[in-house]
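**Q** Each chain is listed here by its residues.
Protein chains: 2
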Amino acid sequence: MTLSIAHLGPPGTYAEQAALAYLDLHSTPSTTLRPYASIARTIQSTAQGETHLTIAPIENSIEGSVATTLDTLWQCSDLQIRQALVLPIRHVLIAQTPNLQKIKAVYSHPQALGQCQRWLATNLPQTTAIATNSTTEALQYVQADPSAAAISSERAAQLYELPIVQRTIQDHPDNCTRFWVINQQKTADLPPVIETDQTYTSLAFSLPANQPGALLKTLQIFAERSINLSRIESRPSRRSMGDYVFFIDAEISAEQTTFHSALEQLQASTEVLKSFGSYPLVTIS
Amino acid sequence: MTLSIAHLGPPGTYAEQAALAYLDLHSTPSTTLRPYASIARTIQSTAQGETHLTIAPIENSIEGSVATTLDTLWQCSDLQIRQALVLPIRHVLIAQTPNLQKIKAVYSHPQALGQCQRWLATNLPQTTAIATNSTTEALQYVQADPSAAAISSERAAQLYELPIVQRTIQDHPDNCTRFWVINQQKTADLPPVIETDQTYTSLAFSLPANQPGALLKTLQIFAERSINLSRIESRPSRRSMGDYVFFIDAEISAEQTTFHSALEQLQASTEVLKSFGSYPLVTIS
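Top to bottom, those sequences are chains A and B. Using UniProt numbering, the letters of the first sequence correspond one by one to residues 1 to 285. Using UniProt numbering, the letters of the second sequence correspond one by one to residues 1 to 285.
The following block holds chain A by itself, in its conformation from the complex (with noise of 0.2 angstroms):
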């Protein structure tokens, strides 16, 4: 079997280069990267069967979640989370131009343009900042426009050709994204999971219409068994307005008991109840 990765395209972009670290963390013989041009497009791939795995962006330590993926999350079935893998992340600008002067105009993904926001302010008030569907997408612009410049990866900078006029232009030193592979529950045959010590279990629902007190409840079922949550994000369920799909990581395994039950009692007191099991965190240096 060749093992079919979607992520974000075109090749170069950081979901790739997570796939690439990924499969290093592996020796999958044969396996073929699937770039798609929305991240929405690549859950929904593997959620379809077209792909066996999708790498999508979760959340970046400095710009937070990336609502596409829960929201695409929420609305696939029979999708479980394998591993999460922790990315640093060092953006560069690319141009034809080594004079700062005279670029005019800065593209990349919104997230990477947020995250380089105080160095563009700084180094390049004069220029207009232009949203692209991907941080590689953006290197189209410059190869066409001498006054455009890009925030991209090193690596998209050899893969396109393309020069790179500053390194490490991020804000914050310790930037990195956290993604998630991601796979239908029935598929068969994939490279093993990589255990580490850090055990995460997801999960989103949403809550029964006009109950006050419905997320108080829910939270009770996780604090009367001490189970910590690392994180809670809530997303709009599209339906009224302080209506809200909440998506939880616990740090506990889903094969313990004690979610057993309360997951059990999540079931009675939510409307809709999605569980995306559980996965070991790996960081990659």
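Just so you know, these hints were derived from the structure itself, not from any lab. Certain hints may be false.
All copies of an identical chain are treated as equivalent in the list; a pair is satisfied when it fits inside any one copy or across any two copies.
Stated by the list, open to error - Straight-line distance between alpha carbons at most 25 angstroms, and here's what the computed SDA-like set of lysine to any residue pairs gives:
#1 K186 x Q48
#2 K274 x H172
#3 K217 x L281
#4 K274 x D189
#5 K217 x Q198
#6 K217 x S269
#7 K274 x R90
#8 K217 x S275
#9 K102 x A37
#10 K274 x S38
#11 K104 x R167
#12 K217 x Q256
#13 K186 x L23
#14 K217 x D197
#15 K104 x A40
Given the structure of chain A, go ahead and fit chain B onto it with the hints provided.
**A** Only chain B this time, still in chain A's reference frame:
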């Protein structure tokens, strides 16, 4: 005293509309609306005493949280929320040409682009979506380029005398945005608060590093007192991955004794705790 209200500019943004709606609720004799180039700058202007009030978007019913509002509130000191306003959002497509096939690029604020993504994919599949700092800033591209379109409001089209090609292009009919009216805690002589039967109290906190169970402990403080939380949002603390600032909206008034005792206990189990006070929510039709 001339009351000055900061909002995201240029004139014609939804934030300006929220400011006008807020003024409509009062009969304030003398007011200046002060447009700023970014949401961060509006809130900073009030924190620094340049303006009396800021009207800042906090979340949209479709696209979710406005991260920059949360991050800036956390960075500033001594600010409080005076009122919440929910404003219906009705997007229109503005372009020089009525022929959709001639449109090559659509400009708008990323939130507005997100709120119309299905409409764009169906009606303008050939166009590139380009992010701007505000929905009104997008109009300058329409003025300059006959193949450009903007997503903005009916009011903005009138203000800038540009043609509306299509009305009600948002994907969800009940699209609305919640705004917070923010002032310095010490500012006197502000317009009276509009009382309603929906009162919220908002606060934010960071947790001491490397203390497993710290989030659990804070949630228990609310659970034990049956204080319902309508929303929990996490933002990266920007110190390290997995380290967050949590924003909570509680369905209680800060004047209640139950809340006082919760706040006291929170002081002990959080690292930094900021309370933004209590405020009633008004829905604009």
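**Q** Now look at each hint and say whether the structure bears it out.
**A** Going down the list of hints, with the structure as the test:
1. Taking CA atoms no more than 25 angstroms apart as the test, K186 paired with Q48 passes inside one copy only; the shortest distance there is 12 angstroms, against 57 angstroms between copies.
2. Taking the shortest alpha-carbon separations for K274 and H172, only the inter-copy value of 24 angstroms comes in at or below 25 angstroms, while the best intra-copy value is 34 angstroms.
3. Proximity of K217 and L281 under a CA criterion of 25 angstroms is satisfied inter-copy only: 24 angstroms between copies versus 29 angstroms inside one chain copy.
4. For a Cα distance limit of 25 angstroms, the shortest separation of K274 from D189 inside one copy, 24 angstroms, qualifies, whereas the shortest one across copies, 50 angstroms, does not.
5. For the homomeric pair K217 and Q198, the shortest alpha-carbon distance between copies (21 angstroms) is at most 25 angstroms, but the shortest distance inside one copy (27 angstroms) is not.
6. Taking identical chains as interchangeable, the C-alpha atoms of K217 and S269 lie at most 25 angstroms apart whether they share a chain (7 angstroms) or sit on different chains (21 angstroms).
7. Proximity of K274 and R90 under a CA criterion of 25 angstroms is satisfied in neither setting, with 34 angstroms inside one chain copy and 32 angstroms between copies.
8. In this assembly of identical chains, K217 and S275 lie within 25 angstroms of each other by CA distance both inside one copy and across copies; the values are 18 angstroms within and 24 angstroms between.
9. Within a single copy, K102 and A37 get their C-alpha atoms only as close as 30 angstroms, which misses the 25 angstroms cut-off; across copies the closest is 23 angstroms, which meets it.
10. In this assembly of identical chains, K274 and S38 lie within 25 angstroms of each other by CA distance solely inside one copy; the values are 23 angstroms within and 37 angstroms between copies.
11. In this assembly of identical chains, the alpha carbons of K104 and R167 lie at most 25 angstroms apart only when taken from the same copy (19 angstroms versus 34 angstroms across copies).
12. In this assembly of identical chains, the alpha carbons of K217 and Q256 lie at most 25 angstroms apart whether taken from the same copy (21 angstroms) or from different copies (21 angstroms).
13. Taking the shortest alpha-carbon separations for K186 and L23, only the intra-copy value of 21 angstroms comes in at or below 25 angstroms, while the best inter-copy value is 57 angstroms.
14. Taking identical chains as interchangeable, the C-alpha atoms of K217 and D197 lie at most 25 angstroms apart only when they sit on different chains, with a minimum of 23 angstroms there against 30 angstroms within one chain.
15. Proximity of K104 to A40 under the C-alpha cut-off of 25 angstroms is restricted to the inter-copy arrangement: shortest distance 23 angstroms between copies versus 31 angstroms within a copy.
Going down the numbered hints, you'll see the structure goes against just number 7.
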